[in-house]
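Chemist: According to our numbering, the residues represented by the sequence shown are 83 to 233, in order.
Simulated from the structure, these hints should not be mistaken for lab results. Note that the Cβ used here is the ideal one computed from N, Cα and C, for glycine as well. Please note that the accuracy of each hint is not assured.
Computed spacing ranges between beta-carbons, pair by pair [what the hints assert, rightly or not]:
hint, residue 1, residue 2, range
1, 138, 117, 19 to 25 Å
2, 112, 208, 24 to 30 Å
3, 155, 200, 33 to 39 Å
4, 127, 155, 18 to 24 Å
5, 205, 182, 37 to 43 Å
6, 132, 222, 19 to 25 Å
7, 124, 96, 35 to 41 Å
8, 218, 177, 29 to 35 Å
9, 96, 209, 30 to 36 Å
10, 195, 112, 28 to 34 Å
11, 214, 124, 33 to 39 Å
12, 109, 177, 14 to 20 Å
13, 166, 209, 16 to 22 Å
14, 136, 200, 23 to 29 Å
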Amino acid sequence: MALPRIDEHAVPVAAPAEAVWAVLTEALDRSFSGSLAELYSRLVGCPEHAASGPRPLAEGSTLPGFRVAAATPPSELVLAGRHRFSNYELIFRIDSLGPDRSRLRAESLAVFPGALGRLYRALVIGTGGHAIAVRRMISGIAKAAISASPR
Numbered sequence: 083m084a085l086p087r088i089d090e091h092a093v094p095v096a097a098p099a100e101a102v103w104a105v106l107t108e109a110l111d112r113s114f115s116g117s118l119a120e121l122y123s124r125l126v127g128c129p130e131h132a133a134s135g136p137r138p139l140a141e142g143s144t145l146p147g148f149r150v151a152a153a154t155p156p157s158e159l160v161l162a163g164r165h166r167f168s169n170y171e172l173i174f175r176i177d178s179l180g181p182d183r184s185r186l187r188a189e190s191l192a193v194f195p196g197a198l199g200r201l202y203r204a205l206v207i208g209t210g211g212h213a214i215a216v217r218r219m220i221s222g223i224a225k226a227a228i229s230a231s232p233r
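Model the full structure from these sequences, guided by the hints.
Modeler: Have a look at this one:
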């Protein structure tokens, strides 16, 4: 079942796609693999509540709240998840714009079934918190990729 689109955010990066990919996978692994993320994923009923599988992230890897549904380095990483209030995907795409330029995009898709799902959507999406968190994440990844790239 195709999930409805929530939003998409993008940031230009003065670094090659391969550098962005390396920082993206490391940053996601670091950001989502902690005791707070594990606790939250257990509380909301995610089947994936611990980091496991291949590293760097590849199809079959898990993070609290997510499983890697597809990984095509250095261009696309699809994280999928579900819990009591939502089924969702977070898709990262890296567009190569030249030898030392790229664009990092993060697309969110989700469905929020039932009354509790609608309430959860209002809290997470309706407040703007999700958009702020995603924009902050991809901006940080872009800065780290620029710093990590040879000049």
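Chemist: Hints first: check each against the structure and report whether it holds.
Modeler: Hint check results:
Taken as a hint, the range 19 to 25 Å holds for the pair residue 138 and residue 117, whose Cβ atoms sit roughly 22 Å apart. Range check, residue 112 to residue 208: Cβ separation about 28 Å, and the 24 to 30 Å hint holds. A hinted range of 33 to 39 Å holds for the C-beta pair residue 155 and residue 200, which are about 37 Å apart. Checked against the hint of 18 to 24 Å, the C-beta distance between residue 127 and residue 155 comes to roughly 31 Å, which is inconsistent with it.
For residue 205 and residue 182, the hinted distance range of 37 to 43 Å is satisfied, since their beta carbons lie about 40 Å from each other. Between residue 132 and residue 222 the beta carbons are some 24 Å apart, a value that agrees with the proposed interval 19 to 25 Å. Restraint check, residue 124 to residue 96: a C-beta distance of roughly 39 Å satisfies the suggested window 35 to 41 Å. For residue 218 and residue 177, the Cβ-Cβ distance of about 20 Å falls outside the hinted range of 29 to 35 Å, so the restraint is violated.
Taking 30 to 36 Å as the suggested C-beta distance range, the pair residue 96 and residue 209 conforms, at roughly 32 Å. Against the hinted window of 28 to 34 Å, the Cβ-Cβ separation of residue 195 and residue 112 comes to about 31 Å, which satisfies the hint. Under the hint 33 to 39 Å, the C-beta atoms of residue 214 and residue 124, about 24 Å apart, miss the expected range. Between residue 109 and residue 177, the C-beta spacing of about 18 Å keeps the proposed range 14 to 20 Å intact.
In this structure, residue 166 and residue 209 meet the distance hint of 16 to 22 Å, their C-beta atoms being roughly 19 Å apart. Remark: the range hint 23 to 29 Å for residue 136 to residue 200 is contradicted by a beta-carbon distance near 36 Å.
In this structure, the earlier hints numbered 4, 8, 11 and 14 are contradicted, and the remaining ones agree with it.
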